[in-house]
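Let the hints inform the model, and build the full structure from the sequences given.
Chains as they are written, first to last, in my numbering: chain A, 285 to 591; chain B, 285 to 591.
To be clear, the hints were calculated from the coordinates, so they are not data collected in a lab.
Careful, some of the hints might be misleading.
Which copy is meant is left open, so a pair is good if it fits within one copy or across any two.
As the list claims (entries may be wrong) - With a cut-off of at most 20 Å between alpha-carbon atoms, the simulated SDA-like pairs for lysine to any residue come out as follows:
| hint | residue 1 | residue 2 |
| --- | --- | --- |
| 1 | K416 | A329 |
| 2 | K477 | D464 |
| 3 | K416 | I582 |
| 4 | K416 | D328 |
| 5 | K477 | R460 |
| 6 | K286 | R297 |
As the structure is a computational prediction, the values presented were derived from the model and not from experiment.
Protein chains: 2
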Amino acid sequence: MKAFSDRLVDAIRKTGNPCVVGLDPRIDLMPAFVTSGRGAPTADAIRSVISDFHELVLDTVAGLVPAVKPQVAFFEQHGTAGMLALDNTIRAAKQRGLLVIADAKRNDISSTAEAYAAAFLGETDVFGQQQKAFDADSMTVTPYLGRDSLLPFVAACAKHKKGLFVVLKTSNPGSRDFQDLELRATGRPLYEKIAEAIKDCGEPLVGESGYSSIGAVIGATFPEDAKRLRALLPRAFILVTGYGSQGACGRDAAVCFNTDGMGAIVSSSRGITYSYGRADLARPAVAASVRENTLRMIEDVTGALKK
Amino acid sequence: MKAFSDRLVDAIRKTGNPCVVGLDPRIDLMPAFVTSGRGAPTADAIRSVISDFHELVLDTVAGLVPAVKPQVAFFEQHGTAGMLALDNTIRAAKQRGLLVIADAKRNDISSTAEAYAAAFLGETDVFGQQQKAFDADSMTVTPYLGRDSLLPFVAACAKHKKGLFVVLKTSNPGSRDFQDLELRATGRPLYEKIAEAIKDCGEPLVGESGYSSIGAVIGATFPEDAKRLRALLPRAFILVTGYGSQGACGRDAAVCFNTDGMGAIVSSSRGITYSYGRADLARPAVAASVRENTLRMIEDVTGALKK
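Written out as structure tokens, the structure is:
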């Protein structure tokens, strides 16, 4: 199997765009034909509602985009039923040829970080057998715990040909609170120091495409910061957030790309999957809405990259 | 129900110590009588091995310590089977009168942070019914995403009388990499700026005990930093990590307490649950080892607090 970064480049070339569909299971926003007639909200009903809705979305976007991004929080809020649905969703996406980014924002120290890496990227030994848990192609992690907290994930990426996106500059207003703080030693923002660590971790994992499997999460809502980070991390894949519902457009996202139009993927979740507004739409109308939203995003992002 | 901080103070007074037993399911370290004869490593076998071992530990430490701390990573590495075991373990601990700290180190932005808060502290609406997911008494979160990322957790704590421990200064060597960086504006470490945010978030949640339900995670492996943070956060409960296997002792942990001997809890995991070394020990011998390790830790920590 190729390195994650090379598989991602291949998928972007094949689909002709760098758009990622986010899967945020929100049962209250799903169409009635998926949720109705389920009886009591049992674990089975929850797992099945979420899995069924995502299969509709996955059937619609497979072949259109290179990857999907399940947001683990929205699964986890449904407890074990939600985590069963996450497992179903990851499998269903891979079966349809889509790369999977588990947006988990996990991290911890030493052997605990190893356990999270095993959970989403690697394997765990059980009675002498190696088992996969949530078998994504890549995941997101947070950096605050230090460089050594990233290394178990980097090792899992190297061993299992998986990818990592380290949270660097987020799209929310509060991303200014700590990420932007200027350091005494350099006069530069904290996030640039973290970018250095991402660069160092990523260098041994640069693939044939010239891109590393160790990337960064950057919000398109702060395009000036994104532009500087793009320059600091020429070989990192950037997972661009904040597109759509958080206000960023294709032009904002474009600054996260290299001049060759490669090196970033742009994610949108609710703007793709829950924009139809009318809960009583039938299956074909919901699928048509998901497809139209995806095509509109692709046009916006690829259009901005051509300029 | 009382505020989390007041319930924690009550439990510490009742048991006479601030020690927390960490539950890190490591099947490879569990005694043979728990793991053997299970046949294939099916989801059912994994869930049952982890749940059975934890029931032994919980039966042993109930009444001895105020709280237990399941480390979610070690459950999650076993996928959905592990998360079922987490649910079992949380329920079993609460049934035995132990407070539960879900060591999850989650976080994200806006409605995604709300979903994580719902997953561990609150409720999620399903078909008009409010359901709990992993119903812990408190959880750990990371701060890098900013103040606004903490607010949904603080709101859940206020509404559901739960507690939060924000990762502040961790016990690993890499905690120096970013947490200790001096800021240009203040000449002080980044972690002090984050401590300010924890203090601000925690003020509205100070209970009758004088302690807030919004606390901090601080490693006892850096006692000088811990001492300064204790002074900056007089009303925060500190979850002290790094005790035991990471080298910190009762004297190191003692600097995390206020002069009244209250305001912190000290966690130890593998040093309590997996120190017996011999996989072929029978159930009573394993229980005796867990009990002895717990009593030794209690003596060390309470002894250091008396000095």
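Just pull the numbers of the violated hints for me, sorted ascending.
3
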